[in-house]
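Sequences are here, hints too, so could you generate the full structure?
2 protein chains.
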Amino acid sequence: MPDFTDNLKPASPGGPEILAEERRQSDVPVGELAQHLFPHHDFLGRQQRILHVLGQDPLFSKAKQMNLSRPERYQLGLARAKMLRRLADQHGWDAEDQSMSQYLCDDVSPYMVHYTMFPTTVREQGDEKQRAYWMPKIQAGEVVGCYAQTELGHGSNVRGLECQARWDPKTQEFELHSPTLTASKWWNGTLGRTANHAIVVAQLLLPKSPGSTEYANHGPHPFIVQIRDMKTHKPLTGIAVGDIGPKYGYAPMDNGYMLFDHFRIPHSAMLSNYSRVDPNTCTYSRPANPAVVYGSLTAVRASIIMHARLVMARAVTIAVRYTSIRRQFQDRDNNDKSAPELSVLDYPTVQIRILPLLATAFALHYTGAAMQALYANTRAQIDKGDFSKLAVLHAQSSGLKSLCTELAANSIETCRRAMGGHGFGGGSGFIQLNNDYLSKPTVEGDNWMITQQTASYLIKRMSSAVANKGKSQDEVEQTCRDWLSNEHNSNISPLSIFDSDEQLVQAFHRRSRDLTYRAYVEREVKKRSWNSLLIQLRKVSHAESQSILVTNFHIALNDSKSSPSPALKGHLQTLFRLFAYYTMDAEARDFVKANAVSDEDLDMLPGKIQELMAQIRPHAVKLVDSWMIPDFLLDSALGRSDGKVYEDLFHRAHRLNPLNEITFNPYYKSDEIVMGQGSDELKKIMAKL
Amino acid sequence: MPDFTDNLKPASPGGPEILAEERRQSDVPVGELAQHLFPHHDFLGRQQRILHVLGQDPLFSKAKQMNLSRPERYQLGLARAKMLRRLADQHGWDAEDQSMSQYLCDDVSPYMVHYTMFPTTVREQGDEKQRAYWMPKIQAGEVVGCYAQTELGHGSNVRGLECQARWDPKTQEFELHSPTLTASKWWNGTLGRTANHAIVVAQLLLPKSPGSTEYANHGPHPFIVQIRDMKTHKPLTGIAVGDIGPKYGYAPMDNGYMLFDHFRIPHSAMLSNYSRVDPNTCTYSRPANPAVVYGSLTAVRASIIMHARLVMARAVTIAVRYTSIRRQFQDRDNNDKSAPELSVLDYPTVQIRILPLLATAFALHYTGAAMQALYANTRAQIDKGDFSKLAVLHAQSSGLKSLCTELAANSIETCRRAMGGHGFGGGSGFIQLNNDYLSKPTVEGDNWMITQQTASYLIKRMSSAVANKGKSQDEVEQTCRDWLSNEHNSNISPLSIFDSDEQLVQAFHRRSRDLTYRAYVEREVKKRSWNSLLIQLRKVSHAESQSILVTNFHIALNDSKSSPSPALKGHLQTLFRLFAYYTMDAEARDFVKANAVSDEDLDMLPGKIQELMAQIRPHAVKLVDSWMIPDFLLDSALGRSDGKVYEDLFHRAHRLNPLNEITFNPYYKSDEIVMGQGSDELKKIMAKL
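As given, the protein sequences belong to chains B and C, one line each in that order.
For the first sequence, this note's numbering gives the first residue as 1, with consecutive numbering after it.
For the second sequence, this note's numbering gives the first residue as 1001, with consecutive numbering after it.
Do not take every clue at face value.
[Stated by the list, open to error] Here are the simulated EDC-like cross-link-like pairs (lysine to aspartate or glutamate), alpha carbons at most 20 Å apart as the crow flies: (1) C:K1569 <-> C:D1559; (2) B:K64 <-> C:D1559; (3) C:K1684 <-> B:D57; (4) B:K527 <-> C:D1585; (5) B:K231 <-> C:E1611; (6) C:K1234 <-> B:E672; (7) C:K1526 <-> B:D331; (8) C:K1593 <-> B:E587; (9) C:K1593 <-> B:D601; (10) C:K1539 <-> B:D603; (11) C:K1460 <-> B:E672; (12) B:K526 <-> C:D1331; (13) B:K608 <-> C:E1522; (14) C:K1669 <-> B:E413; (15) B:K593 <-> C:D1590; (16) C:K1684 <-> C:E1672; (17) C:K1234 <-> B:E661; (18) C:K1539 <-> B:E162; (19) B:K527 <-> C:D1331; (20) C:K1688 <-> B:E72; (21) B:K231 <-> C:E1661; (22) C:K1593 <-> B:D603; (23) B:K539 <-> B:E611; (24) B:K539 <-> C:D1603; (25) C:K1337 <-> B:E162; (26) C:K1669 <-> B:E142; (27) C:K1684 <-> B:E72; (28) B:K593 <-> C:D1585; (29) C:K1527 <-> B:E587; (30) B:K593 <-> C:E1600.
Rather than coming from a laboratory, the hints here were simulated on the basis of the structure.
What follows is the structure, encoded as structure tokens:
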């Protein structure tokens, strides 16, 4: 409905002018940098191609979805998931096209586990016959599957699962049973309302001998189980299954619960590529090499880091654009009281929150890419039976998953607060991003817990290095030996972190080995209990991960293969130093204790950081542009690439808000809510409580 | 519907047993501590009394409200607000009863601004005649009001507001006008759908002389304006007003926008207790003493701190109870593989996240209480015309608001992550708490910005102390002089923080003065620009606020008036030290630089912190019990006082989740969403997009 607001414009300078000027005065080669960041698999071309398809379908419009209830968000999510699959059929999308379409849709898909963990498990854990039977049905979307491992009372400790699969030699069936409430499967995505099949992980109970009534527990094993009727989609008798209810984020996902009441499944339900039960003798044969599992875990974690860097880039894109446009207060030292207000991003207190995160997105990028490359190489070795690199890869990936998802999760909220009031509004584009991403510090290995794996590995290698027998088992042990011979010396000089990037990298490494050694002494020499060291071990892991991030960033800039142009390389070096100094400043004492950096240099860090931020500031807009996050994905009035911040905020409020279509009765003596409707609306709401 | 799950129980030991044992083995005197924390205005009795009323009314049931859409949440919020007001009439609730009822209801009320800022402004800024006219209508709920200051393009910088009130001497009216889109009022609570009146803050434009067509801007002033029809509740002509749409939190609140198109209001609309315009001469008379405004700001900030400590206590209550009950992994050093899993709270990596926050809730409590007392004293002096303490009170309250809301906001997410997977679920009781509270670091003075006020004040006092003329203006200046004479000396010995709580407190003070002095040197001696110092100034402010928190905590424990029993005092001292050591450890280098603590002592801090946490661990459940946060408010399966964590999580999922009442069609080739309903549901959802 037209009204007098239609002709109003924001005060000048407007966002489009401001962004144009920001872009004009920077020499960042956006095209080159974008290509540098996304060199593989035609990522940018694919993004544009899929974007074009989704942008035309009103089902993928995000404009008003924040007004839907949670049950409606699941329904919308299911409708979108179906449509994406139909579009994939129609356009002949390959696997990468499909994951691009899900990335741009930005809704977690109710089919998610059906596409990932479910078929992966069938492929890896199923034997040839099982794969041949199940995979075509899965690919056709006839079998819709999920993966049910975690239980109400049991998460990280898989050995503590309570759900049982007991072999009945008489009927030649397994009996799935949940003996307690805490044995209920819980959190399992796609299970709640969508799946008709599930991989169920249960304790395998076998008679101690063929005729025995005594059972032995062989630990958790995967079973493939039909859980709902293929026509009516109702749960089968003996199964209680449903959605666990609203969560922080992931509204379109039906995370589920499931209990079994002596539910019988055939012998063929047990996935038997590695473990088998002989149905006649009840004998059990073991996995050939469980390490393979770690291999794919590493691939998952590399992709988690690559995802984390896109999440950070997305948050920082919005924050940089908005704080460039937003004006607030004149310069306090300027005597001209008619001077224009300053761009918020000109304040060091805003820069210190946003620009180190911009640098961090790059740091994560180079390490994610390095891990993907390393995994690809290692995968080939694993396939040849060489598992020598698996342990270090697994150890590194644990610590990195922990640190990188922590950094990314925190970055969203840091950017949001840096944007002041509008950061709290729906136009920020942060609400769903934040609520969804906050799951990441917990899933795929709790961030605090998995640092133990990295630290444990490092302590073992340091122990071997101290023992110093034969040649080093791997490169990490070699670095421990080198550190012990050359750097583990109270008289060693600190490194020159401001004169040499190599020494800056070395400082991180020296500090990490120093912390490793201290942990080794506590555990192996002083024999302290493991649990009493947990806080220290997390620090060891983070220090190592920071060292890896700094190292890979430095290597990438000096890699002759990628060879960025001199202009680009200069900007990347500034970002590299900002990341390194900022990370160092936050944990400065460690670096002194390790004789890695002098106290005087550490005192200079805050000033150096501020200088680097001042260097990056004029290029911030083009640096975030280079990540090429489309407006469709940002879904943010504040972060629009065209700078129309205020126009869009007002449009969303004035024209897209369904609440404004209703006139309410504000007088407290009446229980009428909607003006003129009596108590009808109140009754409707009460019925939902 | 009864099913086989009805008879299932969680694996033992169950939550109730565990909590009973936790409570049995601790000597914390819960009743005494609760009385110690809530000694005034019968807080606990009132809580119980109001709880009883709300608990009986199904309108206040929180069980399923997370499934409502945002428009429904506003409707529910309005219905609850009306009911609370009717209950207040019915039961004769006083102001504190009413705010207790809102606290327990836990929904921000659409009437919120009508109860707070709106009448406060009329009372303080209105003249006698205006008060007499408006206050009875406001109290009767006939006039429903809000406070419209912030604009789309202008927040903290009030002088930058664009909305204009131009005096027309001919018609003797003001013309309210929004010249741009950025002049739109924005964020103003209660404005969007509820209010029929608003205090509008606009630039007062007066003719330079009675007949002149040139206008002078006299800055922002408040006007009381009818904005909607009293019968139809439709906006008056010349006003565009509405709700700004979904936000992170505050779903039941109609934060609004409003634009004026040459909208005319009478002379009497300008609130004229301090500023007046003579309608005949167009002359303007100025405020008597603008400092009074700061006075009430201090009161608001004291209450923000008291609220922050309840928010932290609430988060910590849930986290402590759940992590006591939750079991995960056996002790790695225990060779008995059948040993039970450990309570999660026994891990130092869980303790380090939760227990310092428990200590912090107490720290905030004592400082909030001290500020309230100080404000009450100062208020009496202000009323007598003595403004001498106002500056220090204002400066302290700015820094404390910043630090305390930051600590509280971060504490929610820290506790949530410490709870692992279930922390992400709706049963955590954290979702609404978090989403609502995240506004606090921004509102009532942006947390980063207002630290300038504290630092600016401290630098001024340090400048005067260095000048050393006459006697000190106030006690802060005196402490600067004392520090300059006694502690500003590179040879001074560090303090004995482990042997003496007095010296521990002194260490915080010495470090704060050291940072103040360094900032003074940069600004006043080296003449650095203000903006280049902002990061350092924030540090100055936080250091001073930490010093205040530690000081007030220490004073409260040694105050002869409150005199806790020896058992209680011992626990409080442990919490005091944990708070102090933990805070110090996070910023250890400052303390070395200030010669406040020796490097060796700082090295020992992590070990000392771990010891203190081990001392607190057995008492954690009873320490959180003492905050007496009712289950009704917690609304948390994880934090229930009876420990029935898993029973409640399952109940919410299996019996209260509306999504489980619908059977879906999971097959992608069909666009049917609800099984058997064709494409109807899809159409309904599409209509809402």
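I'd like to know which numbered hints this structure contradicts. Please list them from smallest to largest.
2, 4, 5, 11, 14, 18, 23 and 29
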